[in-house]
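Sequence order for the protein chains is A and B.
Each residue of the first sequence is one higher than the one before, counting from 1 in our numbering.
Each residue of the second sequence is one higher than the one before, counting from 1 in our numbering.
Derived from the structure by calculation, the hints contain no laboratory data.
Accuracy of the hints is not assured; some may be wrong.
[As the list claims (entries may be wrong)] Derived Cβ-Cβ restraints for the label pairs, each shown as a range:
(1) B:126 to A:237: 28 to 36 Å
(2) B:33 to A:258: 32 to 40 Å
(3) B:23 to A:5: 14 to 22 Å
(4) A:21 to B:9: 24 to 32 Å
(5) A:5 to B:136: 51 to 59 Å
(6) B:3 to A:137: 53 to 61 Å
(7) A:202 to B:136: 22 to 30 Å
(8) A:2 to B:73: 29 to 37 Å
(9) B:10 to A:100: 45 to 53 Å
(10) A:137 to B:14: 19 to 27 Å
(11) B:33 to A:310: 46 to 54 Å
(12) B:140 to A:250: 23 to 31 Å
Cβ coordinates follow ideal geometry from the N, Cα and C atoms, glycine included.
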Amino acid sequence: MSKGEFAVIGTGEVPCGNYPDRTEFEIAYSVSRMAIQDAGIDKSQIGAVLGAAHIMGGEYNTEVVFGRLPEAIGLRNCQVTGQTVSGGASSHSIRRTAEGILRAGEAEYVLIVHSQRFSQFSMNEQAQYFAVAGSDLEFEVPYGMTYNALAAMVTQGYMTQTGTTVEQVASVVVACNRWARLQENAMFRDKELTLERVLGGRMVAYPLTAYMCNVLADGGSAYVMTTAENARKVCDKPVYILGEGSDYSHRSIIKSKARNLSDMGKYLAPVAQKAYDEAGLGPSDMDIYEVYGSYPGVNLIVMDALGICEPGRSGALVEAGETSPGGKYPCSTNGESLGMGHTGTGCGFAIFVEGVRQLQGKAGRAQVPNARFLIENCGGGAFMDCHFTIMGNEIP
Amino acid sequence: MNIDEIKELLGLTDEDMKKPLPKPTKWSQPYWDAAKKHKLVFKKCTKCGHIDHPPYLYCTECHVDDHEWIESSGKGVLNAYAVNHFGVPFPFWPDLPYVTAMVDVEEGPRMITNIVECDPEELKNGMELEVVFQERTSEFTLPQFRPVKK
Ligand SMILES: [Zn+2]
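Okay, chain B solo, but in the shape it has when bound (with noise of 0.2 Å):
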C-alpha cells in the first residue's frame, strides 16, 4: 500500500504519518551534527578512552567530562536481525517488510539501525556491513547499514 491508501484507510492526518525524529540532548547533539554531515561519530572519553553510544552526559566508566567525538571507520558485524511485516506505527507502514537489526560497529559500539539495499532473505548474521546515510529531514540524518559488496 502507498502514503495515501493507508491514510484514507486509516483515516491518518499528514502528522499520524510523520516518523518519529530524534530529539537531541546536550550531550547527543554532535552525534546528529555529524550524522547530517554523513559521518558516524561516538563520543570517547579522553581519560579513561571508554566509548559511550547512546552517548550520555558524561563517561559512564569514570565519570569524567572531557572527551572527543571519534569518527567510525563505518564498517560493521551483523549481529542479529528481525524483519518487521506487521503491527508497527503507521509512519512505518509504507516501509514493510523493513529489517531492524543489531550491528557491532569496528570502533566496539553495537547499534540498532535499519539494513537496507539487501533482501533480507540473504541475511546472515556475522556478514559484513557499511554504513550509509539516510536523510530523513533536512534537520535529521539516520546512520543505516548494508552488506558489503564482494
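One chain only, chain A, in its complex shape (with noise of 0.2 Å):
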C-alpha cells in the first residue's frame, strides 16, 4: 500500500448491547442502508460487498457466503462478493482484501459489513463454544482453559514481570467506562464503573474481576471505502488509511513470539513503528490512540507498544487518567470490548468505524476537539496476531 491510496467515507452501527429480538440479518442490513447514507453515494455504486463471520452463527455465515447481502441491500451492481475471517484481526484483515479488490479495479466502492447477535443462544452454548475458542483443543481444553484464563495467566505474568498493580490493570476498565458513558450505541453507556467497583467484582479467573472480563454482545457496523481519489469527489471528510503494520505469533500463547510476557510491548513495538514510518508520522503526532486489547492487562500490552511510554509503564499512564476523555492520551474512545461489548469478530469494526468517526469530526459527545492522525490496532485469537493502522483525515 503506498500512504494515503484508500479512504474511507461513511459509516454506520447500531447500538451494542442485548437485543435479542434484533436478527443478525436486521443488523447487518440496517448498517449497510446507514454506512451507504452516511458516504453520500448511490447504492448502485457499490461494486463489492464483504462480510465478517458472525460467531457461532452457521446460517449467516452461509448466507454470506451465498450472496444474500448485496441481493437484500439492493446492490444491483455489485461484482464481487464473500467473506473474510481472522477472528478478532477481520476488521484488520477484511479491509486489506478490499483494498485488494480496490488496487484491481474491480470495484470503485466496497461495503463492509459486520453483524453479531450472540443473544440467541444459552450461556451453555456461549460457553461451550466461545469461552474455549481462545484455547487449543487437544492440549489446552481438557485443562479446564477459557479466555478468561488465557488472559489472567497473561495479565498476571506481565503484572509479575513488570510490577504493574491490579489496581492499574483496573484502571484500563474505569477509562473504557467513561468513553462509554459518552457513546450513544455503548453497552455500558448508562453504567457508572468506580475503581472500588471494578476490584470489588466477583472474581472470575484470578487476578481478573468479572468488569475485567468481557460482556459478549449483540451489534454491528459497517464503512464505505474507496481508492483516495474517488473519495475526495465524494466526500468532505475522508479519512486516509496512512500506514500499516502487522505480525503473527502463535496459535497458543505457549508458543508467543514474545517469551516473557513483559516483553510483548517490545515485540510489538517495531510492528507498530512500521506502521508509524509508512504514515511518516510518530507516536507524538497521534491525536487518539484506538486500542482494541479485549482484556484491561492486554490493552496495557498493546499501550507499551505505541511509543508513548516506557514498555511496562502503561499502567501508570491510564491510571493518572491520560487516556481517558480530555487526557492528552486518548485511547480506545468508544469503550473498546469492556465498554462497548464485545461482538466478537466485530470489536475490531467497532473501534475503526469510531476511529473514522472521531477523524471526520462525527463523534458526538466522545469527539476528541480537532483529531488529525490516529493509531489504531485489531488482533485475533489467543493473541495471535497484532495489526496497526495510521489513519487520518489529510496526508502529510
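Starting from two chains that each stand alone, build the complex the way the hints lay out.
Okay, here's the thing in C-alpha cells:
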C-alpha cells in the first residue's frame, strides 16, 4: 500500500447490547444502509460487499457466503462478494481484502459489514463454544482453559514481570467506561464503573474480576471504502489509511514470539513503528490511540508498543487518567470491548468505525477536538497477531 | 457445590458434566500413549534437534519427518498462572477454584497445564514444579504439575 491510497467515506453502527429480537440479518442490512447514506453515494456505485463471520452463527455465515447481502441491500451493480475471517483480526484482514479489490480496479466502492447476535444462544452454548475458542482443544481445553483463564495468565505474568499493579489494570476498565458513557451505542453507556467497583467485582479468574472480563453483546457496524481519488470527489472529509504494520505470533500462547510476557510490548513496538514509518508520522503526532486488547492487561501490552511510554509503564499512564476523556493520550474512545460490549469478530470493526467518526468530526460527545491522526490496532485468536493502522483526515 | 447439586440446579445430564478429552491426531497419539504410562514426552526432530510441543505432522523447523519421542525429566518452572473461580464450562465447576498455568519444562517446551496439590495463595512465578499424572479416564491421563516439596 502506498500512503493515502485508500480512504473510508462513511460508517454505520447499531447500539450494542442485549437485543435478542434484532436478528443478525436486520443488523447487517441496517448498518449497510446507514453506511451508504453516510458515505453520500448511491447504492448502485457499490461494486463489492465483504461480510465478517458471525461467531457461532452458521446460518448467517452461509447466507453471506452464498451472496445474500448484495441481494438484500439492493446492490444491483455488485461484482464481488464474499466473507473474510480471522477472528478478532477480521477488521484488518477484510480491509486488506477490500484494498486488493480496489487496487485491482474490480470495484470503485466496497461495502464492509459486521453483524453479531450472541443473545440467541444459551449461556451454556456460549461457554461451550466461545469461552474455549481461544484454547487448543487437544492440549489446553482438557485442563479447563478458557479465554478468561488465558487473559488472566497473561495479565498475571505481565503484572509480576513489570510491577504493574492490579489497580492499574482495573484503571483500564474505568477509563474505557468513561468513554463508553459518552457513546450512544455502547452497552455500558448508562453504567458508571469506579475503581472500587471494578476491583470489588466477582472474581472470575484471578487476577481478573468480572468487570475486567468481556460481556458478549449483540451489535454490528459497516463502512464504505474507496480509492483516495474517488473519496475526494464524493466526500468532504475522507479518512485516509496512511500506514499499516502487522505481525503473526502464534496459535497457542505457549508459542508466543515474545517469550516473556513483559516483553510483549517490546515485541509489538517495531510492528507499530512500521505503521508510523509508512505514514511518516510518530507517536506524538497522534491525537487518538484506538487500542483494542479485549482484556485490560492486553490493552496495557498494546499501549506499551505505541511509543507513548516506556514498555511496562502504560499502567501508570492509565491510572493517572491520561487515556481517559480529556487526557493527554485518548485511548479506545468507543469504550473498547470492555465498555462497548464484545461482539465477537466485531470489536475491531467497532473501534475502526469509531476512529473514522473521530477523524470526520462525527463522534458526538466523545469527540476529541480537532483530531487529525490516530493509530488503531486489532488482533485475534489467543492474542495470535496484531495489526496497527495509522489513519488521518489529511495526507501528511 | 458437588456435582449432583450442580446438575440438579442447572438441569444438566451426565453427558453435560463430562470433561472434554483430547482427540489425538496421528502425530500426537504417542504423546497420549506415553502419558497413560505416566511419562511426559516430547517430539524431537532427529535431523535438527528441534522439539515441537504441541507436536505437528513434521518438524516445524526443517520440515523433516524423522523424529524421536524423548522423555522429559518432569521438572518445570512456573511462568504464569490464573486461579479460576467462575465462568468455566460446567464439567469444571466441581473443581473450582482450580489453577491453570504456563509451565516451562526443563527440555525447553512451555506447556499449558494445571498446578495441583497446592494452596493457590502460595504460588509464585519462577517456583520449581514437578510433573504428576491425573488419570482422567481409562484412556486418558493428563500431565499436571505440583510444587517441588522442599
Ligand atoms: Zn527439524
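- Query: Checking against the hints above, which ones are violated?
  - Reply: Failing hints, ascending: 1, 3, 6, 8.
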